[in-house]
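Colleague: In case you want the letters, here they are:
Number of protein chains: 2
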Amino acid sequence: MSVVVWWLVTVVMVTVHSASAGVVELNWEVEYKLRWPDCKEGIVIAINGEFPGPTIDATAGDTVIIHVTNKLSTEGVVIHWHGIRQNGTPWADGAAGVTQCPINPGETFTYNFIVDKAGTHFYHGHYGMQRSAGLYGMMIVRSPKETLQYDGEFNLLLSDWWHQGSHAQELYLSSRPMRWIGEPQSLLINGRGQFNCSLAAYFNEGGLKECKFKDNDDCAPTILRVEPLKVYRLRIASTTALASLNLAVEADCAHVQGHQLEVVEADGNYVAPFTVNDIDIYSGETYSVLLRTHNPTPSRKYWISVGVRGRKPNTTQALTVLHYADAPEYDHLPYPPPVTPRWDDYDRSKTFSKKIFAAKGYPPPPEKSDEQLFLLNTQNLMDKYTKWAINNVSLSVPATPYIGTIRYGLKTVNYQKPPGKKIVEDYDITKPPVNPNTTKGNGIYNFQLGRVVDVILQNSNVLNGRGSEIHPWHLHGHDFWVLGYGEGKFRLGVDEKTYNLNNPPLRNTVALYPYGWTALRFVTDNPGVWFFHCHIEPHLHMGMGVVFAEGVDQIAKMDIPNAVLGCGLTREFLMNRGRH
Amino acid sequence: MSVVVWWLVTVVMVTVHSASAGVVELNWEVEYKLRWPDCKEGIVIAINGEFPGPTIDATAGDTVIIHVTNKLSTEGVVIHWHGIRQNGTPWADGAAGVTQCPINPGETFTYNFIVDKAGTHFYHGHYGMQRSAGLYGMMIVRSPKETLQYDGEFNLLLSDWWHQGSHAQELYLSSRPMRWIGEPQSLLINGRGQFNCSLAAYFNEGGLKECKFKDNDDCAPTILRVEPLKVYRLRIASTTALASLNLAVEADCAHVQGHQLEVVEADGNYVAPFTVNDIDIYSGETYSVLLRTHNPTPSRKYWISVGVRGRKPNTTQALTVLHYADAPEYDHLPYPPPVTPRWDDYDRSKTFSKKIFAAKGYPPPPEKSDEQLFLLNTQNLMDKYTKWAINNVSLSVPATPYIGTIRYGLKTVNYQKPPGKKIVEDYDITKPPVNPNTTKGNGIYNFQLGRVVDVILQNSNVLNGRGSEIHPWHLHGHDFWVLGYGEGKFRLGVDEKTYNLNNPPLRNTVALYPYGWTALRFVTDNPGVWFFHCHIEPHLHMGMGVVFAEGVDQIAKMDIPNAVLGCGLTREFLMNRGRH
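These protein sequence lines map, in sequence, to chains A and P.
Residue 84 in full-length UniProt numbering sits at position 84 of the first sequence; the count goes up by one each step and never skips.
Residue 551 in full-length UniProt numbering sits at position 551 of the second sequence; the count goes up by one each step and never skips.
Same shape as in the complex, but just chain A (with noise of 0.2 angstroms):
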């Protein structure tokens, strides 16, 4: 069977085609509030003034219109639709730079596309590091033949928080010496958390006092109400900035009748139902779990915690209830929250990951790969910046998009070479790295249509000292089958053979682990100029993406909209190609 044939089988097999497709059409004002997240004041991004911003709840097959106005002051803003894969509107992406020149100012920008997938997806700001500044919100895509049984349904995004503001952050990146923005503050769930209060305080949970809040307060936390003997869909996603997280319920133990969460979905993709008490979750990625409910009696309120993983936490847990009707609604919780696992209990994380399969119905991959991509990721230090880079070259997003200099072959425009594809033969991974240095590139790599590419994503160990972070890798325009995880250096022409080619997962967003790698596979079958990154918003910030460009010759001759193109040299060159 040829490769365009199976990505034609896997196009039809996820994209809805309904003849009643609607239209949600939704204007927004982007804009600075004054918010207590985490019940201490901070400056968030607000969407017509709410924060996180307003869940978009579409059924596959809509069109999505919205109309983005930013009134932030001086600053541009985008907004990326994670998840969407924007088939036939490359330019509707959200990623500055690459797809579109931010909207200035005063300005409005109208986003307009098709949600060809159900699924549980996320929105956030991709320009700067306005995501740390919370801009991100909730996007729903109902499918209209829905498998999954269900009597009611949550939505949980969790984020991460940090007192020093998201300006600040990005100037102690930047600096020479990088100064490291420390853990988050909180976690937040819905956008609330508690900070140097607990929810928890009469278990003495860190010591800290007892919240006091009314439920209108921007950091009561968002409650769970059930009912008893339902099923209920949690669709959880995280667009933290920095934490990887794990999410619990109070499981079965000898003193409580707990809670199970049978995952059912990944990333928009159902995948085979396995069932724990708790899940990992690293940014950018979403699950849907099924949580359903007993009879407990008398009725009471569970613990859901939210905790840290793979990185040493400096931050308290985040706490909601699940509120069985009929619960009394003042008294305190019978026993503790549950306590989210080891931050660096790896072997833990990787089981999680490993017991995710696609669900039964969807085509396995392509058989064989096209093109091997093996993309090293080093932490370096450049004229003494601290930089993330691939292969030895940190990321410099241009002002121009991608998308314009390429529809309209702007000659004026030299990129760099991209930073290569070879495995780095000679580079010992478990050892800081003897040359540091890095260079700062804008080369994107370019993909014929049709190919099927397999990427390699290998993990090194960090600067200085021991240690190796993780790093959630995320894909724009696409989903990829994860082939399969490994430890140390990916040994070539070896490792291959260990690779899932019978139900592998398809997902947007992957984990690569320390000192291992992580191989996934996907099929160039969408026209555009696709992000792909390191979705921890600080190694975004510090170079950490590649970019990858799909079929140059059908971008270049796209009806991109002028309003997309208004920056840089596109700009330049449309204005003036009206001068005569």
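Take these hints with a grain of salt, some might be off.
Repeated chains share a single entry, so a pair holds when one copy, or any two copies, can fit it.
Claimed, not checked - No farther apart than 25 angstroms at their CA atoms in a straight line, the calculated lysine-lysine pairs in the PhoX-like style are these:
#1 LYS230 with LYS145
#2 LYS497 with LYS360
#3 LYS440 with LYS71
#4 LYS360 with LYS350
#5 LYS40 with LYS209
#6 LYS431 with LYS384
Just so you know, the hints here were simulated from the structure itself, not pulled from any lab data.
Use these hints to put chain P onto chain A, whose structure you have.
Modeller: For chain P alone, kept in the frame of chain A given last:
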């Protein structure tokens, strides 16, 4: 004598046509930096790493070409050349939304203009509150035929500094209810101040401890090192966001042979010299003063103090030192620093203002005006937002620069009516507004060329309680004659008779005193669009300004560079023009 002839005479008088005009060409990178402006770390906008930005040193007649590269992460930027009239280059005035679009991050814009007139000028950001963030520097334009005689010179750029960042300040001021930013934490001289410590601690000044720093510290003072029996020109500019200031030297008194300041220049215009021990200076103003050194025996150091006027201060005086050659480097000064005048001694301030007259040789203003424009200054409450308004309209600067809308006669733009020209007859300026409401507006005043315009700025009581604030008004693109100051409400047909039409000083900035009026006259001799606004940054941010368009017919024929119009509706128009 007709008005037009007067105007020509004026222009000839102050314009230098130098056969040997040179070019000053500079490359600037604008970016945030961590600095210690007042011995406490803060975030400043630096130019080429310098805060304040580099001093421009040019000669009248020179062409100044500055390539400004915006290295801010997500914010636009512009630079206004305060005091330069931009004859023939109104698009280079650097007022966002008025004369140009902000320069996008990653882009370079070239300012290219002639500095036709000698004087002590400065430059600063004119977008959002970027001036508050420290985007400013000195601009010295030398006369090829300088009539002043002096042996050396020093630049003193005065500013005020908050520990709260400018983004937060903007948000506070725009919040509902408005949150006032308070008085500055420090006053800075050439970007250097001392918070929480004092150079004069050994006199128990403010109960502060003594400052300890090395000479190259960000907050070590600019020392004025002088020789005996010489004449020094101090070029003093105030770019404060809020504070009105007084600069005082140690005067002659029982224990000390002090110094005097001979005021010789104001806003780039020579004034009839007069001698004082201290000068008032409002934001937007510049002065040159001549300081004659004597021959102290033994050689010693003298204080220079800068303190707050016109607002109840909560900020320590800024200090620096006049250091005679051979004075011991590390010895303490023998006497405490001079204390600047009491903040609310307005009579003293007015006395100083009224000492300023044009130097001999300047022609008087036109005898009569063609138009009279009354601008009532009020503090208002609009939908619970605090605003400042002119004739009950609070200015909202549009995203598309006025100059571009006019150039291309864009019919899609419907400006509101300007705020009106007439005196508000029944308004009681001595009481809080009876109807505190206002409207937001973007209307502009249109003037034909060659008109003589009188503007009467009328102050009033603030929103709550009894009080009236100082507003230093700055006009772009022009000097104006200050015809007079008065108390209370301007009496139409009466107060005009008190105007000084003989030797009024030419300025570009003038103070409006509490509960009073200030009258000025200018000639509409400069085709372009010119901002006229209160130079207090928070007041401007809250709408305290108007816009003058001069010679709309000429603007429509101007060859305005596309680069200044690359935003909003002009971008759309110019980009679409080429689509065929």
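Colleague: It remains to establish, for every hint, whether it holds in the given structure.
Modeller: Going through the hints against the structure:
| no. | hint | verdict |
| --- | --- | --- |
| 1 | LYS230 with LYS145 | within (21 angstroms within a copy, 91 angstroms between copies) |
| 2 | LYS497 with LYS360 | within (23 angstroms within a copy, 93 angstroms between copies) |
| 3 | LYS440 with LYS71 | between (32 angstroms within a copy, 15 angstroms between copies) |
| 4 | LYS360 with LYS350 | within (22 angstroms within a copy, 85 angstroms between copies) |
| 5 | LYS40 with LYS209 | within (14 angstroms within a copy, 32 angstroms between copies) |
| 6 | LYS431 with LYS384 | within (19 angstroms within a copy, 60 angstroms between copies) |
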